[in-house]
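Novice: Sequences listed follow chains X and Z, in order.
Read left to right, the first sequence gives residues 7 to 435 (the working numbering).
Read left to right, the second sequence gives residues 7 to 435 (the working numbering).
Please note: incorrect hints may appear among the correct ones.
It does not matter which identical chain is meant; a pair holds if it fits inside one copy or across any two.
[Stated by the list, open to error] Heads up, simulated EDC-like pairs for lysine to aspartate or glutamate below, C-alpha to C-alpha not over 20 Å straight-line:
(1) 26 <-> 296
(2) 124 <-> 102
(3) 124 <-> 98
(4) 185 <-> 197
Just so you know, these hints were derived from the structure itself, not from any lab.
There are 2 protein chains.
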Amino acid sequence: MSDLRIAVAGLGTVGAGTLKLLRDQADLLAARCGRSLRVVAVSARDRAKDRGIDLGNVHWYDDPVAMARDADAEVVVELIGGSDGAAKALCETALDARRHVVTANKALLAHHGTALAKKAEAIGVTLSFEAAVAGGVPIVKALREGLAANRITRLYGILNGTSNYILTGMRDSRRPFLKVLQQAQKLGYAEADPSFDVDGIDAAHKLAILTSVAFGIEVDFAGVYTEGIRHVSPLDIEYAEELGYRIKLLAIARRTEIGIEQRVHPCMVRDSAAIAVVDGVTNAVVAEGDFTGSTVYEGPGAGAGPTASAVVADLIDLARGRRIPTFGVPATALTPAVASPMERHRGPYYIRLMVVDRPGVIADIAAALRDENVSMESMLQRGRAPNEAVPVVLTTHIAEEAAMNRALQRISRLDAVIERPRMIRIEDL
Amino acid sequence: MSDLRIAVAGLGTVGAGTLKLLRDQADLLAARCGRSLRVVAVSARDRAKDRGIDLGNVHWYDDPVAMARDADAEVVVELIGGSDGAAKALCETALDARRHVVTANKALLAHHGTALAKKAEAIGVTLSFEAAVAGGVPIVKALREGLAANRITRLYGILNGTSNYILTGMRDSRRPFLKVLQQAQKLGYAEADPSFDVDGIDAAHKLAILTSVAFGIEVDFAGVYTEGIRHVSPLDIEYAEELGYRIKLLAIARRTEIGIEQRVHPCMVRDSAAIAVVDGVTNAVVAEGDFTGSTVYEGPGAGAGPTASAVVADLIDLARGRRIPTFGVPATALTPAVASPMERHRGPYYIRLMVVDRPGVIADIAAALRDENVSMESMLQRGRAPNEAVPVVLTTHIAEEAAMNRALQRISRLDAVIERPRMIRIEDL
Numbered sequence: 007m008s009d010l011r012i013a014v015a016g017l018g019t020v021g022a023g024t025l026k027l028l029r030d031q032a033d034l035l036a037a038r039c040g041r042s043l044r045v046v047a048v049s050a051r052d053r054a055k056d057r058g059i060d061l062g063n064v065h066w067y068d069d070p071v072a073m074a075r076d077a078d079a080e081v082v083v084e085l086i087g088g089s090d091g092a093a094k095a096l097c098e099t100a101l102d103a104r105r106h107v108v109t110a111n112k113a114l115l116a117h118h119g120t121a122l123a124k125k126a127e128a129i130g131v132t133l134s135f136e137a138a139v140a141g142g143v144p145i146v147k148a149l150r151e152g153l154a155a156n157r158i159t160r161l162y163g164i165l166n167g168t169s170n171y172i173l174t175g176m177r178d179s180r181r182p183f184l185k186v187l188q189q190a191q192k193l194g195y196a197e198a199d200p201s202f203d204v205d206g207i208d209a210a211h212k213l214a215i216l217t218s219v220a221f222g223i224e225v226d227f228a229g230v231y232t233e234g235i236r237h238v239s240p241l242d243i244e245y246a247e248e249l250g251y252r253i254k255l256l257a258i259a260r261r262t263e264i265g266i267e268q269r270v271h272p273c274m275v276r277d278s279a280a281i282a283v284v285d286g287v288t289n290a291v292v293a294e295g296d297f298t299g300s301t302v303y304e305g306p307g308a309g310a311g312p313t314a315s316a317v318v319a320d321l322i323d324l325a326r327g328r329r330i331p332t333f334g335v336p337a338t339a340l341t342p343a344v345a346s347p348m349e350r351h352r353g354p355y356y357i358r359l360m361v362v363d364r365p366g367v368i369a370d371i372a373a374a375l376r377d378e379n380v381s382m383e384s385m386l387q388r389g390r391a392p393n394e395a396v397p398v399v400l401t402t403h404i405a406e407e408a409a410m411n412r413a414l415q416r417i418s419r420l421d422a423v424i425e426r427p428r429m430i431r432i433e434d435l
Numbered sequence: 007m008s009d010l011r012i013a014v015a016g017l018g019t020v021g022a023g024t025l026k027l028l029r030d031q032a033d034l035l036a037a038r039c040g041r042s043l044r045v046v047a048v049s050a051r052d053r054a055k056d057r058g059i060d061l062g063n064v065h066w067y068d069d070p071v072a073m074a075r076d077a078d079a080e081v082v083v084e085l086i087g088g089s090d091g092a093a094k095a096l097c098e099t100a101l102d103a104r105r106h107v108v109t110a111n112k113a114l115l116a117h118h119g120t121a122l123a124k125k126a127e128a129i130g131v132t133l134s135f136e137a138a139v140a141g142g143v144p145i146v147k148a149l150r151e152g153l154a155a156n157r158i159t160r161l162y163g164i165l166n167g168t169s170n171y172i173l174t175g176m177r178d179s180r181r182p183f184l185k186v187l188q189q190a191q192k193l194g195y196a197e198a199d200p201s202f203d204v205d206g207i208d209a210a211h212k213l214a215i216l217t218s219v220a221f222g223i224e225v226d227f228a229g230v231y232t233e234g235i236r237h238v239s240p241l242d243i244e245y246a247e248e249l250g251y252r253i254k255l256l257a258i259a260r261r262t263e264i265g266i267e268q269r270v271h272p273c274m275v276r277d278s279a280a281i282a283v284v285d286g287v288t289n290a291v292v293a294e295g296d297f298t299g300s301t302v303y304e305g306p307g308a309g310a311g312p313t314a315s316a317v318v319a320d321l322i323d324l325a326r327g328r329r330i331p332t333f334g335v336p337a338t339a340l341t342p343a344v345a346s347p348m349e350r351h352r353g354p355y356y357i358r359l360m361v362v363d364r365p366g367v368i369a370d371i372a373a374a375l376r377d378e379n380v381s382m383e384s385m386l387q388r389g390r391a392p393n394e395a396v397p398v399v400l401t402t403h404i405a406e407e408a409a410m411n412r413a414l415q416r417i418s419r420l421d422a423v424i425e426r427p428r429m430i431r432i433e434d435l
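Produce the entire structure from the sequences given, and follow the hints as far as they go.
Specialist: In structure tokens form, the structure reads like this:
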């Protein structure tokens, strides 16, 4: 069979890694595909840069959109990144030119996934994105094909390696967020501007994509409640351990009576849960299916090698002629997303207050919770320091988020409560 | 598109579960496949048995081979089991009749996988077997497609839930193998004749299949070194904990300079390893790829729901027209297996001896090891009991299996050594 002709846009870490993989594994890939995977065109910013790959036989384009339109390729691989701009223009152009698109771009798919899928399917080409979520872990394939006989009831995971690295570092070193972030930046595990990672946005992008595949709904990034890890303090980590929990930034999607709940926020999870021991930059996803039960997928969530492995897995499927609707069902059959709002979330909570240690304080706090029908499970005040500030930690039984918020507002107005209350949701996994 | 017509042979737990899944998820499956999955024929031993499924519209065959030949079906699902007999005859008959075959039968594939794959591919139909390994975990798809861009360097896992359940029970209860086995039998986690599970044969069947997919070699069950868990004692479990290990029955395949090493045996693994905390009937597989690094797949390894989920995942691929060579490359291109023999295995070892506590014993043992170039890493003799039997535990640095065996033979001949030495391989994961 003839070669699969590939054009690659973006030659950063992942792009260069993909070209290296295609070069180093050429024989293996040919055996597995029954044909060769051949890069015929590339586009990147700097032509002169040494990437350790011979680009002599490859057509160079300064303009990626021009490449998407003109290159003699069946597939365009988009590794530029960003939800709009060149990445979006080049994907649309490639699809219009009846070329398949393989992308690692989670921001693009989170914002425009449904529209791009509809476009691709209307034109009769494939849009694939294994590399957009959890790096080298074939989680998109697992959900879309391996678990396709199941109705997924809940899906959750650690989808951002940087945040997990920082939380792991905070636990190991007992140092505060900013110190550990700086160290992560020095080691290259965090960007100079870390907000996409530590504010949960990157994980929310990925969750919106997985939710669409798992639940058959249109991609609904706007429906993801997103909260990052900046407010997690070493004190919370210490209390978590005392209570038998670990703090993880989880991305969670589940079906409720209202619709689909999607949320990214720090969670307290039992230290015996499989996901509690996933440390460092590792990613992990747990999918709960009505027939298969709970299955776990874990591995390196980023990096040149793992991401290239996922990009090329999509290319192999294309080379073999294996086609599937973008999100598992035809994009026109995806259900419009009905978000289950965060105020309606129900679960147990961990609350940490700084209070002036004097008689009656706990009674006032307990009254605020009672008036909102929030039932306390445990209360912890270590040591005594009359008339000085001490931490008080509470856990609650299952309560509604809206009620919890009202109770916390009332508590924060108490004279004896001298800092903004800290709240971390407890997740029963 | 027209319905996918399916014939099912064998209506035990998995067969009945598969029919229930196809009934309960009919709408979901139709949406995901673009066509319906319809059971048109079944065959089982007892027609009168109530399986909780309406078989009114389904053609009943007393003879599964006749069904494979005559039924008006594109796919025959084989859920009878056993490496030969009816299962093999019906698969061959179905392939000869140009029908696809989906099977959960690991014994059949371990013994006849290459021949059946060659037959299927020569005829132009598909033989698929996601359900044969690790139940509801889509590990075959992950290896054959998700990781297809990688050269797999090592693969290992917990592939037998019964053995893992027993080892977990032995650790938790400190009771000996036979007691825990009996309890597992009462609870339905072990068969009346448990030898396939506890002697490692079932895990070896599954390993031989995964090895073929991962390394592109012909299925080589005969090349799997197989050792079960009957000889693991509570004392070994105790020492393992003291040394920072857990004992797991692992199935391991890796490429060596000689060929492919395949082995199933109890291992000591560091208690911090991901696989060390996989307890009970859960299965887990770790695949190490040259680009993607180490990825982990975990979930329920057996049971009606998980296994049915895997069977139907294969049916969905067929319904969608997604085809792939049986073991990832055409069966005629599989490399004949060159087994790396167990005598050439190299690794560290744990040795437990019962010795009479008298001067010079340790020196004799040490000399036997030294003469075979086996270097001791640690030695542990708790307490003293002059002239009585005491356990002595040794761990070694990396040594060759053949040398280790020679040293153990010599040690077992020492007067002061009063029981057969126990050896458990340490696995560096």
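Novice: Which hint numbers doesn't this structure obey?
Specialist: none
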